[in-house]
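Undergrad: Chains as they are written, first to last, in the numbering used here: chain L, 1 to 319; chain B, 1 to 332; chain G, 1 to 325.
Hints listed in this document are in silico derivations from the structure and should not be mistaken for laboratory results. Some hints could be false.
To be verified - Simulated pairs of lysine to aspartate or glutamate, EDC-like, Cα-Cα distance not exceeding 16 Å:
1. G:LYS221 / B:GLU60
2. B:LYS203 / B:GLU139
3. G:LYS221 / B:ASP99
4. B:LYS203 / B:GLU242
5. B:LYS87 / B:ASP112
6. B:LYS199 / B:GLU139
7. G:LYS240 / B:ASP112
8. B:LYS199 / B:GLU221
Unchecked claim - Covered by chain G, according to a simulated footprint, are these stretches of chain B (three or more residues, beta-carbon under 8 Å):
9. 108-120
10. 296-302
The model shown is predicted, which means the values in this text are computed figures rather than measured ones. Just so it is clear, CB atoms sit at the ideal spot from N, CA and C, and this is done for glycine as well.
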Amino acid sequence: MAHSQSPMEKQALAIPLSPFGRLRDSDLFQSFMRSRLVVAAALVTVLMLAAALLAPLMAPQDPYDLGSLSLLDANTPPAWAQGGDRRYPLGTDDQGRDILSTILYGTRSSLLIGFSAVLLATALGVTLGLCAGYAGGRIDALIMRIADVQLTFPAILTALLIDGVMLAVFKSHRVEAGKFWVLVISIGLAYWVQYARTVRGVTLVERNKEYVEAARLIGLSPIKIMFQHILPNVMGPVLVIATINLALAIITEATLSFLGVGLPPTEPSLGTMIQIGNRYLFSGSWWMVVFPGVTLALLALAVNLLGDWLRDALNPKLR
Amino acid sequence: MPEPVLSVRHLKVGFPTRRGTLTAVDGVSFDIAAGEVLGVVGESGAGKSLTGAAIIGLIEPPGRILGGEIYLGGQRIDTLTAEAMRKVRGRRIGTVFQDPLTSLNPLYPIGDQIVETIRTHTPLSRAAARKRAVALLRETGVQGAEERLDGYPHEFSGGMRQRVVLALALCAEPELLIADEPTTALDVSIQAQIIALLKRLAKERGTAVLIITHDMGVIAEMADRVSVMYSGRIVEIGPVREVVLSPRHPYTRGLMGSIPPLAARVPRLTQIPGAMPRLDAIPAGCAFHPRCPQAFDRCRVERPERLAVAPSCEAACWLYAVPRVAPAEVGA
Amino acid sequence: MLAFAIRRLIEALLVMLAVALLAFVLFRYVGDPVSQMAGQDTSLEDRIRLRQELGLDDPVFVQFARFIANAVRLDFGISYQMKQPVLALLAERFPATIELALAAALLAVALGIPMGVYTGINRDSWLSKVFLTLSLIGVSLPTFLIGIILIYVFSVWLHLLPSFGRGEVVSVGAWHTGLLTASGLKALILPAITLGLFQMTLVTRLVRAEMLEVLRTDYIKFARARGLSNRAVHFGHALKNTLVPVITVIGLQLGAIIAFAIITETVFQWPGMGLMFIQAVQFADIPVMSAYLLLVAFLFVAINLIVDLVYVRIDPRIRILGRGQ
Chain L
1 MAHSQSPMEK QALAIPLSPF GRLRDSDLFQ SFMRSRLVVA AALVTVLMLA AALLAPLMAP
61 QDPYDLGSLS LLDANTPPAW AQGGDRRYPL GTDDQGRDIL STILYGTRSS LLIGFSAVLL
121 ATALGVTLGL CAGYAGGRID ALIMRIADVQ LTFPAILTAL LIDGVMLAVF KSHRVEAGKF
181 WVLVISIGLA YWVQYARTVR GVTLVERNKE YVEAARLIGL SPIKIMFQHI LPNVMGPVLV
241 IATINLALAI ITEATLSFLG VGLPPTEPSL GTMIQIGNRY LFSGSWWMVV FPGVTLALLA
301 LAVNLLGDWL RDALNPKLR
Chain B
1 MPEPVLSVRH LKVGFPTRRG TLTAVDGVSF DIAAGEVLGV VGESGAGKSL TGAAIIGLIE
61 PPGRILGGEI YLGGQRIDTL TAEAMRKVRG RRIGTVFQDP LTSLNPLYPI GDQIVETIRT
121 HTPLSRAAAR KRAVALLRET GVQGAEERLD GYPHEFSGGM RQRVVLALAL CAEPELLIAD
181 EPTTALDVSI QAQIIALLKR LAKERGTAVL IITHDMGVIA EMADRVSVMY SGRIVEIGPV
241 REVVLSPRHP YTRGLMGSIP PLAARVPRLT QIPGAMPRLD AIPAGCAFHP RCPQAFDRCR
301 VERPERLAVA PSCEAACWLY AVPRVAPAEV GA
Chain G
1 MLAFAIRRLI EALLVMLAVA LLAFVLFRYV GDPVSQMAGQ DTSLEDRIRL RQELGLDDPV
61 FVQFARFIAN AVRLDFGISY QMKQPVLALL AERFPATIEL ALAAALLAVA LGIPMGVYTG
121 INRDSWLSKV FLTLSLIGVS LPTFLIGIIL IYVFSVWLHL LPSFGRGEVV SVGAWHTGLL
181 TASGLKALIL PAITLGLFQM TLVTRLVRAE MLEVLRTDYI KFARARGLSN RAVHFGHALK
241 NTLVPVITVI GLQLGAIIAF AIITETVFQW PGMGLMFIQA VQFADIPVMS AYLLLVAFLF
301 VAINLIVDLV YVRIDPRIRI LGRGQ
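Can you build the whole structure from these sequences, using the hints too?
TA: If you want it as structure tokens, here you go:
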């Protein structure tokens with residue numbers, strides 16, 4: 001139903017609102033508050049972000065400082081269980097590391113790698129998508145064919161391959177030190193395709209609109225047109241993809257670490273912790289798996305819920 | 001006077017939203033007799049299609065009927081259970097939608113779709129239903145009906161598809177046929193054929209027809225009576241000749257002014273200024289008053305009733321409230 | 001139809017060629033084959049002779065052509081780590097992965113489609129909400145964590161099912177199957193659930209989304225207006241139209257399952273190709289990696305091709321139009 005506004009209606013709609021009032025009146029905010037689950041997810045995400053940022057201040061122990069560890073304290077169960085130690089509220093791992101501290105630091109690594117990888121994927125995907133859509137022709141065909149081929153492979157496999165190649169190309173001790181970047185690059189490169197496809201689609205539409213034509217006529221450079229004029233149009237979908245992507249990146253990092261090609265046991269992420277704990281599952285040391293596992297699952301679930309909600313809220317067709 | 005096939009009384013349809021209920025159809029009443037064709041005309045968003053959807057009980061949620069009554073052959077149908085209403089659809093009310101391209105399931109041969117419908121509503125065997133399907137297709141003018149029964153929808157042209165849709169709508173001999181913009185999606189040359197076909201089939205069977213369109217040409221060609229809708233309300237209803245030749249309501253008059261007459265030479269077509277209000281901003285009083293050249297104080301506060309303005313002709317306009325203005329003076 | 005099949009075939013070949021190029025670059029330039037094959041004490045002359053024997057001094061395209069010719073004959077070279085032909089290693093592990101993947105796919109489809117249909121039709125029922133919440137948890141839980149949880153509950157705690165390996169295996173010709181022994185079947189349960197759960201949630205969500213989309217179409221509206229029963233509308237008309245895109249994705253997912261098997265096989269020490277691949281990545285065993293890459297790509301492409309042809313059978317429009325995206 002397409003109607004232009006009648007004078008009458010303009011009057012009715014012109015109720016002055018403060019910025020906060022406008023936010024409270026917006027559909028996005030309303031749908032946010034309507035779902036208690038989404039509010040809870042946002043709360044969990046913010047809490048985890050805070051915990052990760054403040055890990056050095058909050059953690060009782062520095063798990064990266066091997067000097068402070070005592071093998072005598074290894075495999076201590078949580079404080080409330082039999083044989084527990086009050087210094088280690090969630091118990092210790094096989095190196096005598098405090099699980100709570102390691103989880104705080106591990107969440108920090110997981111989130112840092114996740115955000116960096118998403119940033120890389122977004123930058124790469126958006127740029128390639130803009131170029132493909134704006135330039136068209138052969139550049140478009142080339143980029144989209146690469147995207148098609150990569151799309152046939154699950155991202156985890158791509159990340160594994162890149163990881164493996166980097167391992168082979170660089171000497172292994174250098175990889176160990178730069179493992180953070182290896183992970184960011186493997187995961188980032190594995191997830192750019194969806195951004196590129198979405199951005200390309202929008203760019204194709206926007207390219208032919210008058211304002212782009214006008215910008216071209218007054219002699220703006222293509223780069224300026226792409227990033228200043230077309231880019232704002234794709235921010236909504238890109239935000240949705242990035243949110244869901246963050247959950248995927250965190251899971252992918254954990255998976256790679258679990259498979260033994262991620263962060264080393266000396267600087268454990270949540271995935272590495274689960275891998276270590278998995279070895280002790282049969283000896284009854286459940287706390288080594290359960291606490292990092294629950295943390296990882298909660299984090300991924302919360303971010304996923306936010307992404308899901310954002311997608312539904314920005315795409316009213318599916319509501 | 002015989003009982004009408006369809007009788008709609010004070011029908012009200014709306015959508016509940018966060019900011020209150022939006023009323024899209026507001027107090028609509030009309031009758032259709034057997035063999036009669038009633039046209040409903042209006043801009044998109046006037047509530048025409050929603051009226052049709054309400055009659056067949058298929059308003060898309062969250063929309064729903066808020067009030068009023070609908071009678072089919074004297075039986076109230078708006079209160080029927082979903083299952084009972086399902087048996088009314090297709091059996092007693094046939095429906096044709098706007099777009100024949102999308103009305104048919106692309107994955108099944110058209111014959112299967114017709115046979116399926118016949119067998120849902122009659123005890124016929126598969127073979128008998130198939131025979132009936134061929135007869136129906138012939139009747140609706142599909143060439144080589146027998147061979148084309150196994151064709152898929154995409155193998156038919158737009159006009160042919162609408163004939164198939166018509167066959168589907170008529171396959172259980174319904175008392176009422178609702179045609180929602182049946183020709184809008186078709187080529188102009190095909191439109192006339194479909195209109196003629198629809199008219200002939202309805203007359204032959206004595207089917208009551210409710211035809212929903214925004215095209216006055218279709219109404220003039222096909223309908224016996226016409227009801228003009230604006231902003232969810234019927235503003236004028238009467239015999240087509242009467243309404244087309246001497247429209248009473250200022251909106252109808254504007255509508256007629258925007259159609260190029262074929263016979264007379266008119267210097268220029270008139271146009272109604274402004275646009276129909278959105279559902280969340282329907283003005284008080286007469287919904288048309290902000291755009292009406294003849295609006296006066298009463299129109300802004302009080303909603304007009306439907307008033308008899310000529311034999312079997314009614315308009316919802318305060319200009320015709322008895323003491324104020326005689327109809328003859330209006331619009332000179 | 002024939003033209004369509006041929007066009008698809010050419011596209012598939014092009015994808016394979018691109019992947020082969022990637023695998024070749026891996027094989028040839030990442031890590032030095034000579035230093036991997038030669039021992040510490042191999043003389044410089046021997047190394048040079050080995051280079052010539054391996055054809056490493058030939059022009060690149062000749063080497064690429066030879067690489068492809070070898071790959072077509074299933075000759076993928078010798079594993080750096082195991083010192084055995086890669087083909088023999090793969091052949092030994094292929095059945096384990098395929099059996100696991102098929103069991104998981106069966107689970108995902110058999111449960112995912114009904115759940116998707118249900119949640120699509122009964123959008124607001126409480127059971128739908130339960131299904132959707134479960135599916136979101138399924139998407140959020142990393143596969144390896146699901147595996148660990150299952151092992152903890154069913155092996156460590158309840159002692160019901162084995163936590164690793166394939167159980168007893170019998171040979172049917174060249175194929176070693178675990179499907180014919182009780183211990184083999186028992187060993188398959190946990191890994192298949194682990195691998196299938198994520199795919200099941202994907203299928204559920206996809207079928208639901210498609211179902212919602214289809215239920216809004218005009219022909220469904222018209223089918224209702226014709227007075228067809230809900231059953232006929234939902235299962236006769238909506239479901240079939242839903243399946244058209246779903247089949248494509250399920251086909252793609254079958255490929256993904258084979259790749260995701262890497263994780264499940266690691267958790268359960270399942271002796272399949274994925275476990276071998278992970279070990280290859282850790283040891284930078286390039287011939288195994290590139291062979292695995294080629295094989296997985298081939299499976300993906302083959303499955304896609306089959307899916308496209310099935311697609312044609314379901315959707316009559318494509319018989320003429322070709323598949324438009």
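Undergrad: Decide, hint by hint, whether the structure agrees.
TA: Structure-based check of all given hints:
no.: 1; hint: G:LYS221 / B:GLU60; verdict: 10 Å, holds
no.: 2; hint: B:LYS203 / B:GLU139; verdict: 13 Å, holds
no.: 3; hint: G:LYS221 / B:ASP99; verdict: 12 Å, holds
no.: 4; hint: B:LYS203 / B:GLU242; verdict: 22 Å, violated
no.: 5; hint: B:LYS87 / B:ASP112; verdict: 19 Å, violated
no.: 6; hint: B:LYS199 / B:GLU139; verdict: 13 Å, holds
no.: 7; hint: G:LYS240 / B:ASP112; verdict: 14 Å, holds
no.: 8; hint: B:LYS199 / B:GLU221; verdict: 9 Å, holds
no.: 9; hint: 108-120; verdict: holds (count 4)
no.: 10; hint: 296-302; verdict: violated (count 0)
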